[in-house]
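Trainee: Sequence:
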Amino acid sequence: MWFVNTPFPAVNKRLGKKESLGTGWWMKTTMNAMANCEMIGKIGIVWASNEIREFERFEEDNSIYYLVPDHPLPARKKSKLSRVWSRLNGIINMVKPYSYQKELAYCVRAVRDFKPDLIHVWGTENFYGLISDIIDVPVLVKFQGLISVIKDDVWGDVKWRHRFLMPNEALYQIDITKRSKNEIKIIKQNKYFEGRTLWDYSHLREHNISAQYYDVPEIMRPSFYESRWSIDGVNRHSVYMTARSMPAKGVPCLIKAIGIVRKYVPDVQLRIGGHITDKGYGKYIRSMVSDMGLDDCVAFLGPVTENEIINELLNAHVYVLSSYIENSCNSLIEAELVGVPCVASYVGGIPSLINDLKTGLFFQKGDSAALAMAIRRIFDDDALALRLSEEARKFSLERFNGNRVINGILSAYRDILDRENHERSVQ
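Quick note: the sequence shown uses this note's numbering, first residue 5, plus one each step.
Rather than coming from a laboratory, the hints here were simulated on the basis of the structure. Honestly, I wouldn't trust all of these hints.
[Said to hold, decoys possible] List of simulated lysine-lysine pairs, PhoX-like, C-alpha gap at most 25 angstroms:
| id | residue 1 | residue 2 |
| --- | --- | --- |
| 1 | K119 | K32 |
| 2 | K283 | K22 |
| 3 | K22 | K32 |
| 4 | K163 | K22 |
| 5 | K195 | K182 |
| 6 | K106 | K119 |
| 7 | K192 | K106 |
| 8 | K163 | K192 |
| 9 | K283 | K163 |
| 10 | K119 | K46 |
[What the hints assert, rightly or not] Distance ranges between label pairs, derived from CB positions:
| id | residue 1 | residue 2 | range |
| --- | --- | --- | --- |
| 11 | P171 | R57 | 23 to 29 angstroms |
| 12 | N425 | D385 | 52 to 58 angstroms |
| 13 | T309 | G20 | 29 to 35 angstroms |
| 14 | L361 | S227 | 26 to 32 angstroms |
| 15 | A387 | R57 | 57 to 63 angstroms |
Each residue gets a CB set at the ideal place from its N, CA and C atoms; glycine is no exception.
My request is simple: use the sequences and hints to build the entire structure.
Mentor: Below, the structure is given as structure tokens:
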């Protein structure tokens, strides 16, 4: 039974929602890859959201879905007053103390209905991992991000004087700061964890010295394994990154770096894929581009599909990850699989993905001058670009091999069940 943070396609269909780009696809890809595994029968999928107002159970294909109300908001109507009231309720839910007793009761109801052998919680960000204290089913908790650490880098390089104009980002920090207390509790109370970087392992050991840790990377979308970058087909001096309207992604650092690179490479181009709003932080970075006179060399592409990302990577001369904090960044892994020469900030779990000067180039977070120099090194040296491309693709094809990932998950499941059976036999 899986507890997930994003809705699966069947849930979106049930609720009449459009499929979101760039969210939770790694879980869906994993489920599809596990469809023919003999060890796996039906999979139960639990999703909690403030969009859900009543507990619901439904079946589709070989899965049973459970929709759990989580701080449900008032039904949104067309009137402005109704939208304001719904927004106000959402803010109140973010800041007030909460025990999740109702939500956990719904989750227990789902567990009792499905009767799983094992529960797999995808992420420590939500309350799901707290369920291990109130059920007699083994729980495997997967590290995705670590909000208890991320909260300290939420603002990236945005100065205090600008933060007052970013209410959504301020509310996000309040929200994850509150939820980080639950995350620490989840890490302390659970016995089994799945991770994929030295960074998440280190933070597990900070709070829990006895838990079992399983090193299992994530499986990427098949098309990224099949696509292959070639220096002969790139748009020379083009840089690509995937980002969202989150200061921690460090977009201003990259924009400043492009301003520096342009002094030496006048035709440099930066293409940013992902949803960047026109308000708050999005407005801030768009204004930065204009103020620096870079409108003609920085393109905001908006939300990008899987095929559009691949096309951007194949055409890019360099891929950049400029984040202030990450665990295992999937967009970086996708770039490595395709073989684009990568430059990344030395933060969080990224050193588990890049070997400096071999599979990519590192720079210190926020150091736009060092980032600019790393970009220029690749622009100026085709031999370096080709070496980074070849080594990164070789590493990522082995590390993120689909069969290896699925076998790793199944091996963890078996080991946990064996350990639990052994514990029962000696009691």
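Trainee: Honestly, which of those hints from before does the structure not fit?
Mentor: As far as the earlier hints go, 4, 8, 13 are violated by this structure, in ascending order.
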